[in-house]
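Please model the complete structure; the sequences and the hints are all you need to start from.
So that you can map any letter, position 29 of the sequence shown is 29 in the working numbering, and since no number is skipped, the others follow by simple counting.
Just so you know, the hints here were simulated from the structure itself, not pulled from any lab data. Treat the hints loosely; a few may be bogus.
Stated by the list, open to error - Ranges between beta-carbon positions, derived for each pair:
1) K24 with P176: 47 to 53 Å
2) E158 with R135: 31 to 37 Å
3) E63 with T114: 18 to 24 Å
4) I136 with K39: 32 to 38 Å
5) S35 with R161: 36 to 42 Å
6) V142 with E196: 25 to 31 Å
As the list claims (entries may be wrong) - Restricting the straight-line Cα-Cα distance to at most 25 Å, the calculated cross-link-like pairs of lysine-lysine (BS3-like) are:
7) K155 with K58
8) K39 with K61
9) K24 with K39
10) K61 with K24
11) K148 with K185
12) K134 with K61
13) K58 with K24
14) K56 with K39
15) K134 with K86
16) K39 with K86
17) K56 with K24
18) K86 with K58
19) K134 with K148
20) K86 with K24
21) K185 with K155
22) K86 with K61
23) K86 with K56
24) K39 with K58
Cβ atoms here follow ideal geometry from the backbone N, Cα and C, with glycine treated the same way.
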Amino acid sequence: MRLEVILLESPNPYQTNSVPIDEKQWNAIIHNDSSFDGKFYYGVKTTGIFCRPSCKSKAPKYENVTIFNNPEEALALHFRPCKRCKPTGERIPDQEWISVVTDYIEHHFAEPLTLDILANVSHGSPYHLHRVFKRITGLTPVEYIQEKRVTEARKLLESTRLTVTDIGRQVGIANPAYFITVFRKHTGSTPANYREQRRDQS
Numbered sequence: 001m002r003l004e005v006i007l008l009e010s011p012n013p014y015q016t017n018s019v020p021i022d023e024k025q026w027n028a029i030i031h032n033d034s035s036f037d038g039k040f041y042y043g044v045k046t047t048g049i050f051c052r053p054s055c056k057s058k059a060p061k062y063e064n065v066t067i068f069n070n071p072e073e074a075l076a077l078h079f080r081p082c083k084r085c086k087p088t089g090e091r092i093p094d095q096e097w098i099s100v101v102t103d104y105i106e107h108h109f110a111e112p113l114t115l116d117i118l119a120n121v122s123h124g125s126p127y128h129l130h131r132v133f134k135r136i137t138g139l140t141p142v143e144y145i146q147e148k149r150v151t152e153a154r155k156l157l158e159s160t161r162l163t164v165t166d167i168g169r170q171v172g173i174a175n176p177a178y179f180i181t182v183f184r185k186h187t188g189s190t191p192a193n194y195r196e197q198r199r200d201q202s
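Quick look at the structure:
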């Protein structure tokens, strides 16, 4: 039996053509079967990371998986080796690893994001990710997410008539009071005052 992954149009930079996945390969991935290590590798298109079948990271969604015969195929398509299972036998440089995380935040900031979620998608431990992320960027992952959300909120306040509550939801902060608190912490003013000030300047 063969299963076919049909990929949809997406801005994802790791998008590939439709890839046939053998049922045994899929079972090896979801069960972390080490007996398949070296026989094939799999990439996760949403993160651009590729792994050994035995990788202990959270199982990817079926539609996000593409299969490679060897690490060279994955690297040629700009996939990065997993930090956890090291499919090339080498560690991914910290700077490159953190760029995986920041890229993910850039595309998913409006979704619920936690340190555990980021550690899962980047195939690392939460503690190690937090420490390395702060060393590389100068910010904790949570601080980086908040800065991204506030930046996007400022754009929406300046360019739309959406309510403050709706803007908070669109940037991933559904609680209005918390959105106002985060926005004020980063800008020194509330969203409503910020919008008013920008209108006065225009």
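Hints numbered earlier in the text: which of these fail when held up against the supplied structure? 5, 7 and 12
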